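*Asks:* Top line first, the protein sequences correspond to chains E and R. Position 31 of the first sequence, counting from 1, maps to 31 under my numbering, and the rest follow consecutively. So the number in my numbering is just where the residue sits in the second sequence, counting from 1, plus 1000.
Rather than coming from a laboratory, the hints here were simulated on the basis of the structure. Each hint should be verified, as a subset may be incorrect.
[Said to hold, decoys possible] List time: in silico SDA-like cross-link candidates among lysine to any residue, alpha-carbon distance up to 25 Å:
no.	chain 1	residue 1	chain 2	residue 2
1	R	Lys1122	E	Lys110
2	R	Lys1122	E	Leu122
3	E	Lys72	R	Ala1119
4	E	Lys72	R	Trp1121
5	E	Lys110	R	His1245
6	R	Lys1230	E	Thr13
7	R	Lys1122	E	Pro11
8	R	Lys1122	E	Arg114
9	R	Lys1300	E	Glu104
10	E	Lys110	R	Ser1194
11	R	Lys1122	E	Tyr81
12	R	Lys1122	E	Pro121
13	E	Lys55	R	Gln1123
14	E	Lys72	R	Lys1300
15	E	Lys72	R	Gln1123
16	E	Lys110	R	Asp1251
17	E	Lys72	R	Ser1194
18	E	Lys72	R	Glu1130
19	R	Lys1122	E	Glu104
[Said to hold, decoys possible] Now the in silico label distances, taken between C-beta atoms and shown as ranges:
no.	chain 1	residue 1	chain 2	residue 2	range
20	E	Ala21	R	Gln1096	55 to 61 Å
21	E	Gly101	R	Ser1194	27 to 33 Å
22	E	Tyr81	R	Glu1254	26 to 32 Å
23	E	Gly106	R	Gln1308	23 to 29 Å
[To be verified] To be clear about the criterion: a stretch of chain R counts as covered by chain E if any three or more of its residues have a C-beta under 8 Å from a C-beta of chain E, and this derived list gives those stretches:
no.	stretch
24	1130–1139
25	1146–1155
26	1185–1197
27	1237–1247
Predicted model only: the values in this text are computed from it and were never measured. Backbone N, C-alpha and C define an ideal beta-carbon position, used for all residues, glycine too.
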Amino acid sequence: MTETKQQYGDPMTYPIWEAAARYELLIQHCKVCGHYQFYPRPFCLNCDSDQLEWKRVSGDATVYSKTTVHLKIAPEFDPPYVVALVELDEGPRMLCNIEGGAAEIGDRVKLAWREREDAPPLPIWMPA
Amino acid sequence: MSKTDVYIVGAAETPLGEVYDHSAYSMVALAAHEALDEAGLSIRDVDGLFINYMGEEGTVQLGEYLGVYEPRYVDSTDVGGGTFLTFAHHAMLAIQEGRCEVALIGYASRQRSLRLRSAQWKQSVLNNMEQFETPYGIPVPIGHFAMATARHMYQFGTTREQLAEIPLAARKWAQLNPKAWHRDPLTLDDVMNSRMIADPMRRHDCCLITDGGGVVIVTGADRARDARKKPVRVLGAGESQRTWHISQIPDIVETPAVESGRDAFGMAGVAPADVDVLQAYDAFTITPLLAIEDLGFCEKGEVGAFVQGGRTAPGGDFPLNTSGGGLSYCHPGALGMLVLIEAVRQARGEAGARQAPDVEIAVAHGIGGLMSSAATLILACD
């Protein structure tokens, strides 16, 4: 896991990937004000408290915006594919791909995982 | 003129389009001499340098190249393509404080001739893009603006036809500008059926990739008296910034133009309704549309109806991006310099065939980064 910490520049994100290996999504939660925040920081952006914990969330979300990419940006990506911002029920937004069917802005989506060879599973979303 | 008034006294483009016979530095040197000539000044008078995107320690490298030794004030603020408008704000403050007298803002890029552009962002261990954005294949910054467009259409019912007003008007303005890259006719069908890049954005919604740049000279009232062309007063200036990671954008259909516009209009003591011509950074079709809303020319969500019917095109009553903008005239990676230069020319009334009628107040608005930053200048001749 030290390797994971070094792979990504920010060691504070390590619990997210440790949980991803178990197909669980963790989001930082403020014990003082209840604010959820993604990505993690040492302090709550809402109330400045340092009383932060990790909470497992369902990943249930709503599509905030999306685009179907037709541009070939690198060898590992095969257009067309959907890049979206989803808004978790807890509040934070995450960038992702939507796979396994079509979802429009405002539609409900649920968490799924994409296996990767060189890294922990990657959270993606699919129609609910 | 009062002692604290600050003026733009020189504005010149570098060679534009595809440049094979100059380096970026020699391009800036050419524009610097032209702009200083307009100002009635020489490179020996420059004591403030405002440079970025020209290599590491850009003020040092370009200062050496131009022969500006021992400037009293330097600035390499890095907020993206609109940074040059931010520089103008900073130069104004430095001049008002007496920290420099003649500020040179300069930029040039050969991104086209050297094939430097990529839709993948440079990776950094200092942020979280590599783990939370890059694996999803988002084209940067195209994906950001595509999702802003999609959300605007969803939230406000903005139509593709309304969006198409922007590239169509840009082309009509470009046809009046001999220096514009694209001057051939463009139809609504061309725009609506051009190659899909990132839905709903098509080819004609995306800016050019060209070489280019420019220089702007800013000085105080005393030195502005030497100018060979009409000095353009900075009536107001404002800047702000919001986010870097796309997940952190609080509202993808609102930009920090809300804050930069509030400060610029507040300082100038004028309202959007007083503005005669707007230059608003057009990296993509949606970019100037969001600026029109966020600067207060219309209510949030109403810009589709606001621009309808050719209002922003030549002959329309809301002239926008009169050079042809980033969509049809030139986009050298960082467009803000050319946005500012065109605003100066419109304020002076020297834009020839593309001059907007009866310009008293011109606004230049820049954005930068990943929908990150904004800077706004309110300009007028005395």
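*Asks:* Does each hint hold? Answer for all of them.
*Replies:* Outcome of the hint check:
1. R:Lys1122 with E:Lys110: violated (31 Å)
2. R:Lys1122 with E:Leu122: It holds: about 21 Å lies between the C-alpha atoms, which stays within 25 Å.
3. E:Lys72 with R:Ala1119: Holds, at roughly 9 Å.
4. E:Lys72 with R:Trp1121: holds (14 Å)
5. E:Lys110 with R:His1245: Holds: Lys110 of chain E and His1245 of chain R sit about 22 Å apart, inside 25 Å.
6. R:Lys1230 with E:Thr13: Violated, because 56 Å separates the two Cα atoms, which is more than 25 Å.
7. R:Lys1122 with E:Pro11: Roughly 20 Å separates the two Cα atoms, so the pair holds.
8. R:Lys1122 with E:Arg114: holds (24 Å)
9. R:Lys1300 with E:Glu104: holds (22 Å)
10. E:Lys110 with R:Ser1194: violated (34 Å)
11. R:Lys1122 with E:Tyr81: holds (22 Å)
12. R:Lys1122 with E:Pro121: Holds, at about 23 Å.
13. E:Lys55 with R:Gln1123: Between Lys55 of chain E and Gln1123 of chain R the Cα gap is close to 29 Å, so the pair fails against 25 Å, i.e. violated.
14. E:Lys72 with R:Lys1300: Between Lys72 of chain E and Lys1300 of chain R the Cα gap is close to 33 Å, so the pair fails against 25 Å, i.e. violated.
15. E:Lys72 with R:Gln1123: OK: Lys72 of chain E and Gln1123 of chain R at ~18 Å, within 25 Å.
16. E:Lys110 with R:Asp1251: holds (22 Å)
17. E:Lys72 with R:Ser1194: Holds: Lys72 of chain E and Ser1194 of chain R sit about 16 Å apart, inside 25 Å.
18. E:Lys72 with R:Glu1130: It holds: about 18 Å lies between the C-alpha atoms, which stays within 25 Å.
19. R:Lys1122 with E:Glu104: violated (30 Å)
20. E:Ala21 with R:Gln1096: 55 to 61 Å: This hint holds: roughly 57 Å between Cβ atoms.
21. E:Gly101 with R:Ser1194: 27 to 33 Å: Cβ of Gly101 of chain E to Cβ of Ser1194 of chain R: about 28 Å, so the range 27 to 33 Å holds.
22. E:Tyr81 with R:Glu1254: 26 to 32 Å: holds (27 Å)
23. E:Gly106 with R:Gln1308: 23 to 29 Å: Since Gly106 of chain E and Gln1308 of chain R have Cβ atoms about 25 Å apart, the given range 23 to 29 Å holds.
24. 1130–1139: holds (count 9)
25. 1146–1155: It holds: at least three residues are needed, and the stretch 1146–1155 of chain R offers 6 whose Cβ sits within less than 8 Å of chain E.
26. 1185–1197: Held - the stretch 1185–1197 of chain R has 3 residues with a Cβ nearer than 8 Å to chain E, which meets the minimum of three.
27. 1237–1247: It holds, with 3 qualifying residues against the three required.
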